[in-house]
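> Using UniProt numbering, the final residue of the sequence shown is 67, and nothing's skipped along the way.
No wet-lab data here; the hints were simulated from the structure.
Beta-carbon label-pair distances, calculated as ranges:
| hint | residue 1 | residue 2 | range |
| --- | --- | --- | --- |
| 1 | 29 | 49 | 13 to 23 Å |
| 2 | 3 | 29 | 24 to 34 Å |
| 3 | 3 | 23 | 27 to 37 Å |
| 4 | 3 | 43 | 27 to 37 Å |
The list that follows gives simulated cross-link-like pairs (lysine to any residue, SDA-like), each with its CA atoms no further than 20 Å apart:
| hint | residue 1 | residue 2 |
| --- | --- | --- |
| 5 | 24 | 54 |
| 6 | 24 | 55 |
| 7 | 24 | 35 |
| 8 | 6 | 50 |
Each residue gets a CB set at the ideal place from its N, CA and C atoms; glycine is no exception.
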Amino acid sequence: MVEVIKHPNLHILTGVHVTKILFKNRGDDPVAIGIEFAESLSCEEFMVLATNEVILLGGAINSCQNW
Numbered sequence: 001m002v003e004v005i006k007h008p009n010l011h012i013l014t015g016v017h018v019t020k021i022l023f024k025n026r027g028d029d030p031v032a033i034g035i036e037f038a039e040s041l042s043c044e045e046f047m048v049l050a051t052n053e054v055i056l057l058g059g060a061i062n063s064c065q066n067w
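Taking the hints into account, I'd like the entire structure generated from these sequences.
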């Protein structure tokens with residue numbers, strides 16, 4: 001896990017809530033191209049577009065359950 005975190009193209013955000021997944025239609029299938037999110041404390045909103053993949057982790061009660 002530690003080796004993966006050091007990759008320069010991996011960005012892990014904590015303390016944020018995804019408000020929208022951005023999609024683009026490619027043929028008949030929608031493809032995620034980015035996200036909109038808000039910081040939990042300040043509620044400041046941001047938009048991020050991906051160059052390759054969008055990977056979201058989440059849990060049932062606002063916490064990641066995949067560890």
